[in-house]
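Colleague: Read off the chains here:
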Amino acid sequence: MRGMLGVFAELDATVAAIEDLKKGKVGDLTVFSPTPRHELEHAVHPPMSGVRKFTLIGALSGVTFGFWVAIWGSNYWPLVVGGKAISTWLPYVVFGFEVMVMVGALSTVFGMFYLAGIPRLTMTVGYDPRFSYGSYGIFCECAPERQAEAEAILRRHGAVEVRGER
Amino acid sequence: MATLAHPDEPRRPNIASADIQLPAVTSYEQVDDEILAILKPTKAWFGALLLALACLGLGAFSWIYQIHQGLGVAGYNPPVMWGVYIITFVFWVGIGHAGTLISAVLYLFRAGFRTTIYRAAEAMTVFAVMTAGLFPIIHIGRPWKFFWLIPYPNWRLIWPNFKSPLVWDVFAITTYLTISTTFLFVGLIPDIAVLRDRETNPIRRRILGVLSFGWRNTEREWRHFARAYLFLAAFSTPLVLSVHSVVSFDFAMGIVPGWHTTIFPPYFVAGAIFSGFAMVWTIIIPMRRWFGLRHYVTLNHLDASAKMVLFTSLAVGLAYLIEFFIAWYGGVQYEQDYFWNRVFGQWWWAAWIMLTCNMILPLSLFSQKLRRNPTWLWILSIFINIGMWFERFVIVVPSLSRDVEPWQWSSYVPTWVDYGLLIGSFGWFFMWFLLFIKQLPVMALAEIKEIIPPKMKHTHGHGGH
Numbered sequence: 090m091r092g093m094l095g096v097f098a099e100l101d102a103t104v105a106a107i108e109d110l111k112k113g114k115v116g117d118l119t120v121f122s123p124t125p126r127h128e129l130e131h132a133v134h135p136p137m138s139g140v141r142k143f144t145l146i147g148a149l150s151g152v153t154f155g156f157w158v159a160i161w162g163s164n165y166w167p168l169v170v171g172g173k174a175i176s177t178w179l180p181y182v183v184f185g186f187e188v189m190v191m192v193g194a195l196s197t198v199f200g201m202f203y204l205a206g207i208p209r210l211t212m213t214v215g216y217d218p219r220f221s222y223g224s225y226g227i228f229c230e231c232a233p234e235r236q237a238e239a240e241a242i243l244r245r246h247g248a249v250e251v252r253g254e255r
Numbered sequence: 136m137a138t139l140a141h142p143d144e145p146r147r148p149n150i151a152s153a154d155i156q157l158p159a160v161t162s163y164e165q166v167d168d169e170i171l172a173i174l175k176p177t178k179a180w181f182g183a184l185l186l187a188l189a190c191l192g193l194g195a196f197s198w199i200y201q202i203h204q205g206l207g208v209a210g211y212n213p214p215v216m217w218g219v220y221i222i223t224f225v226f227w228v229g230i231g232h233a234g235t236l237i238s239a240v241l242y243l244f245r246a247g248f249r250t251t252i253y254r255a256a257e258a259m260t261v262f263a264v265m266t267a268g269l270f271p272i273i274h275i276g277r278p279w280k281f282f283w284l285i286p287y288p289n290w291r292l293i294w295p296n297f298k299s300p301l302v303w304d305v306f307a308i309t310t311y312l313t314i315s316t317t318f319l320f321v322g323l324i325p326d327i328a329v330l331r332d333r334e335t336n337p338i339r340r341r342i343l344g345v346l347s348f349g350w351r352n353t354e355r356e357w358r359h360f361a362r363a364y365l366f367l368a369a370f371s372t373p374l375v376l377s378v379h380s381v382v383s384f385d386f387a388m389g390i391v392p393g394w395h396t397t398i399f400p401p402y403f404v405a406g407a408i409f410s411g412f413a414m415v416w417t418i419i420i421p422m423r424r425w426f427g428l429r430h431y432v433t434l435n436h437l438d439a440s441a442k443m444v445l446f447t448s449l450a451v452g453l454a455y456l457i458e459f460f461i462a463w464y465g466g467v468q469y470e471q472d473y474f475w476n477r478v479f480g481q482w483w484w485a486a487w488i489m490l491t492c493n494m495i496l497p498l499s500l501f502s503q504k505l506r507r508n509p510t511w512l513w514i515l516s517i518f519i520n521i522g523m524w525f526e527r528f529v530i531v532v533p534s535l536s537r538d539v540e541p542w543q544w545s546s547y548v549p550t551w552v553d554y555g556l557l558i559g560s561f562g563w564f565f566m567w568f569l570l571f572i573k574q575l576p577v578m579a580l581a582e583i584k585e586i587i588p589p590k591m592k593h594t595h596g597h598g599g600h
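Those protein sequence lines, which keep their order, are chains A and B. Take any residue in the first sequence, count from 1 to its spot, add 89: that is its number in this note's numbering. Take any residue in the second sequence, count from 1 to its spot, add 135: that is its number in this note's numbering.
If you're looking for bench data, these hints aren't it; they were derived computationally from the structure. By construction, the Cβ of each residue, glycine as well, lies at the ideal position given by its N, Cα and C atoms. It cannot be assumed that every hint is accurate.
As the list claims (entries may be wrong) - Chain B is faced by these chain A residues, among others (derived, beta-carbon under 7 Å):
hint : residue
1    : LEU100
2    : THR119
3    : ALA159
4    : SER163
5    : VAL198
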C-alpha cells in the first residue's frame, strides 16, 4: 500500500482535488474528514451503504427467535391454568419486539464494523492525527510512476502538506 | 433542516441535526480544545466525587446491614410489600428515558437542540438503568439468588411464566440497557479517536486506540456509521415507548385499586420523559456554568427543552386528572374510595407534593422569561425529580396499603435502611457520571463539528454549509 497523502485545511480545496484525481484516474482514493460531509461523499460518489441488509436480517432473526423462545418455553415447561391457552400470541409480542430490537440493533453495529473495515489493527499508512482535529485528507494509492502526478494535483489544489506513504 | 432531503446527496443522513446555530463556535479546532479541556480534573470535581462516594458508602452499608439482618429492617409492613425499592426502581428507569429520547427520537425529528446535550443524556441513561437494575436485586432480600429473575427453563421447579409482566420487564430492561449502551458507545467511537490522536501517554494512547477500533475518519467509515446510526435511532424510538409501557404493566396487570387501568402505559412514558429531562437539566445546567460551555448549551437549547418539559408536564397532569375522572365515571366504589384517600386521606401529603411539583410548578414554563432562566430551570428540575419520585410513591404505596379488603388496610413507614439505599443510589449514579465526564467527551465532537461551517478556500466554492 503506497501512495501520496495530502493534508488540506479547506473543504472546497479537498473536493476539487478529489475531482481532479478521479478525472485523471491516478489511483484509489481514501478521503479523511473530522466530521461527515456531504460534499466529500458527493465527490467520492461511493455506493450506498449495505448496513440495511444486516439490519433487516438481524431484525427478522430476532423477532423469530423472540416468539419461538416464548412459545417453546411455554410448551416444554407448561404452566397449566384452567381455561387458558398454554402459549398465546398477544403477550408474546413483547418478547418478539424486544428481541427484534436487540438482535436487529446489534447486527446493525456488526454490519457497520464489517463494512467500514473496523476494528483496524494498523492505521499508520495514509493517516495523520490532524484528520481527527480540523484537517481533511486524501490518500491516493497509486503506482510509483504516478506519484508525481498525484503530488502535483494535491499541491495545485492547496494541500498544506504532501508526503509519500508506504 | 432534514438532511435526508439534501439535493446533492440524498443517500446518507447527517449524524447531526443541522437547524441550529452556535455563533460563538467558529472552528473544528475550537470544539476539540474547549470540550476536551473539561477532561482535566478540578478540585470541585474531586469534591463532588467524594460526596458521591460518601452517599454510595451509606447505601452499601445499608445494604450489607439488610443482608445481615434480613429484609424486615426495610420497613415492609404487609400488605405493603413493595416500597422504596420498587419506587426507586421505577424512578431510575424513568430517568433513563430522556437519554434515548434525546438521542434517537429527537434525532429522527431533526430537533437541533439535542446536538450538544445528547451525549450527557445518553450517559445518564446508561447509568440510570444500571442503577435501576440494582433495585430488584436489593428488593428480593437474598441477592445471591438474583439469577432466578432471569427467565430460562431450569430444573429448580421455577419455570418462566412468559405471560407475567415481571418476565416482560426483564426482557425490556435488558434490551434497553444493551441498546442504550450500544448507542452511547457507537457514538463515542469517533470521539475516542480524537482523544487517541491528542493523547501523549503511550499506555492511555494504546487503550484509546483499542477502544476506538482503529477509527480513521475515512469517508467510508462515516458513510456506514451514519447509516447505522440512523437505524439504531429507528430501533431505539419504539424501544423508548415500549420499556416504560412494560414497566407500567407491572402495575396495570394487577387487580389492585389505582393500578388496574389502561392509561398507565402512556402515562408512564410521558412521566419518564418528563423526569428524564429534569435530570438532564440537573446535570447540564451546572456543567455549562462550571465548564464554561454556555456557548454550546445556549439559552435557546434550554428554552427548547423547557417546552418539551412543559408539554410532558401537561401530559402527565392530564393523566392524573383522567385517573380521577375514570374513578368517578367508572362507578367502582373501591376505586373512588382509593382516589379520595390518595388526595384527601391518609396519603394527602405525598399526593400534593406530586401534584405541586409535577403539575403546578412546571406551569411557570409558559413564561418565556423563566424558560430562559437557567437558575429557575435548575431549581425546577430538583422539584420535578422530587415530584416524580413521589408520583411513584403515590402509585405504589397507597394502592397496596388500602386494598379491596378493609381488614388488611395498613400503612407504610420507610426506615433508615430504605433512605440509606435511596441516597446510595444517587451516589452510585453520580459516581459513574462524574467518572465518565473526566474520561470521555461529554459532548459529541463530530456532531458539533458537523453543524459548524467548514473552512473554505473560496467563499462561493463547493458545498458550503
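Colleague: Against this structure, judge whether each hint is valid.
Modeller: Structure-based check of each hint:
no.	hint	in the structure
1	LEU100	holds (4 Å)
2	THR119	holds (5 Å)
3	ALA159	holds (4 Å)
4	SER163	holds (5 Å)
5	VAL198	holds (6 Å)
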